[in-house]
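Student: The hints should help you fit chains B, C, D, E and F onto chain A, whose structure is shown.
From first to last, the protein sequence lines are chains A, B, C, D, E and F. Each step along the first sequence adds one to the number in my numbering, with nothing skipped, and position 11 is 11. Each step along the second sequence adds one to the number in my numbering, with nothing skipped, and position 69 is 69. Each step along the third sequence adds one to the number in my numbering, with nothing skipped, and position 62 is 62. Each step along the fourth sequence adds one to the number in my numbering, with nothing skipped, and position 94 is 94. Each step along the fifth sequence adds one to the number in my numbering, with nothing skipped, and position 66 is 66. Each step along the sixth sequence adds one to the number in my numbering, with nothing skipped, and position 85 is 85.
Because the hints were derived from the structure by calculation, they are not lab data. Treat the hints loosely; a few may be bogus.
A pair counts as met if it fits within one copy or between any two copies, since identical chains are not told apart.
Distance condition first, Cα-Cα at most 27 angstroms in a straight line; then the derived DSSO-like pairs of lysine-lysine [what the hints assert, rightly or not]:
#1 K78 - K13
#2 K13 - K46
#3 K13 - K74
#4 K78 - K46
All figures in this text were calculated on a predicted structure; none of them were measured in a lab.
6 protein chains.
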Amino acid sequence: MPNRVDDFSAYRKKMNERIFEIDHLGIKRFFNLDTQAYQDAALDEKTKELLGLVASLVLRCNDCIDYHILECVKVGWKDEELYDAFNVGLVVGGSIVIPHLRHAVETLDLARQSPEES
Amino acid sequence: MPNRVDDFSAYRKKMNERIFEIDHLGIKRFFNLDTQAYQDAALDEKTKELLGLVASLVLRCNDCIDYHILECVKVGWKDEELYDAFNVGLVVGGSIVIPHLRHAVETLDLARQSPEES
Amino acid sequence: MPNRVDDFSAYRKKMNERIFEIDHLGIKRFFNLDTQAYQDAALDEKTKELLGLVASLVLRCNDCIDYHILECVKVGWKDEELYDAFNVGLVVGGSIVIPHLRHAVETLDLARQSPEES
Amino acid sequence: MPNRVDDFSAYRKKMNERIFEIDHLGIKRFFNLDTQAYQDAALDEKTKELLGLVASLVLRCNDCIDYHILECVKVGWKDEELYDAFNVGLVVGGSIVIPHLRHAVETLDLARQSPEES
Amino acid sequence: MPNRVDDFSAYRKKMNERIFEIDHLGIKRFFNLDTQAYQDAALDEKTKELLGLVASLVLRCNDCIDYHILECVKVGWKDEELYDAFNVGLVVGGSIVIPHLRHAVETLDLARQSPEES
Amino acid sequence: MPNRVDDFSAYRKKMNERIFEIDHLGIKRFFNLDTQAYQDAALDEKTKELLGLVASLVLRCNDCIDYHILECVKVGWKDEELYDAFNVGLVVGGSIVIPHLRHAVETLDLARQSPEES
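One chain only, chain A, in its complex shape (with noise of 0.2 angstroms):
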């Protein structure tokens, strides 16, 4: 049954391929640097993804949060090491951040329980 992440990656995918098919050039650049950001550089792929991830939450950006962890997940972040990612956030945010960290943490909790994960 899909959760909502789930939903929100399916939401992603479909719009996304809507606004490549409006086929702006300043976006499709965007979205391209945006992608290029996160990839091996003088900083790895796995820093860079825990960057923004932390970056997400100060901004309190759900949306953002949930592709953040799913990216982190998959690089191999482990669950105590994002706790201390989420706690960095909180310091430098805030109580403001706090309907964030609950957002993350169930995040968090459904993306280890899905099927790619176990």
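Tutor: Then chains B, C, D, E and F, alone, in the frame of chain A:
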């Protein structure tokens, strides 16, 4: 001759002392929590300082950027690695981050010139 | 069948009526100021609605984005022009705006499908 | 029949329990600091809850708004006083706050209807 | 000898006069609304100034912090009470508020030293 | 005699050159995307610069405001039109924008006084 990074560090030190003098229990505990958030735990200090730097960039706080760049230099991040982290902050936070990127690049240059880094 | 944009407009109308019922002088004056800010003056309404849309995108407020897209469609902005405005919002606000870009593109598609636009 | 405010309170309770289960020292301490910040001290709890509400409004966090409205009702703020606080949040934060004002007014109405307030 | 708070007040006065000279109806009305938002109504002016101060802290606007600290001192808030309000702002807004806390503490010290407060 | 707008432009030029020297592919591509976002396309450059200005106002970035005011003056926006755009930014972003409005009005006055605008 003191540069603006030295001035910032001196002002930060002076005002932190004034804040401790105020002796507000909640504020003191917050400062302790803030210090502890960057200490070695499931994630090491080095990684956490980089998280703090990117969080500061996307939240566009020059003083926070300066503080975390100085810490990142202390814990051994190289320029190329920091530029990669700057790039993640720029892509996540957008062109509104550019003035803070200019500030960050200048701060890093100043940090590398200072006697304690030579 | 009502879509999410219709639901938003209905909820907006219902709650604005409830807010007027409260009859707080400051709040009512703020709503008037907000309406007047987009009326023809030195800049025309059409230009101002586009300003409101980009401001809503970079501040990442989906309800505000929906409202201004509906207004932008009413005053005659074409899709290609709105995509160009989306791009300015994306570049200024960064990848954190992407979930709101997905939302905006979907809202525009829904607005174009609704009877009043046919 | 549970309304959205009851749903929020139930979700908040469930996820806070899950977060305590994670047992991250920094996160637990932050939650304690957050609780203590609103307790009677030089300022009383009643005033502090109103501060928390306006901070939540201008930072545009619906869950935080809901939480502080429920607390403000508990500590005895009257509707007219809360509308005045909403107005301060609206003027400071601008029209981007309006969707959150709609949400806040609805939450307050729901809070007044619930059995525990009758 | 004028300190930075006096300089801020002088600059604020000069530029507000320049803005009134521009004579833009919407802008003038906004300034009026802003003034009225802090006047005695269901909530008294004293409480509202404290709300304005905490909103300014969590939104991290030094000029706004300075203005509301000066007003808070005028309406009779004591240092211990203001520190408690600072703490609420710090916990809600996180460590990113710390540079603004330093600024606020210094502004309060300067405000207490100025002749009109003696 | 150079004023603060000239100083900003000189610092901006110097640091942009330093950033290009760093030669980070992602950062260079972002700067290109940023330049392209304001070029004639479905929307013309003149309209886009105004969008950039209002986005900068509501995101409260003085350097970005200065840059876009200089560009808006270059592409031919008149003072009355810019005041109208300032008003949209003020109403969307709230009183927290007022210090940036003061800055913007001063920058526009300085831009009109400079030799290249005479």
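Student: Would you list, in rising numerical order, the hints stated earlier that this structure does not obey?
Tutor: Violated hints: none at all, because every hint is consistent with the structure.
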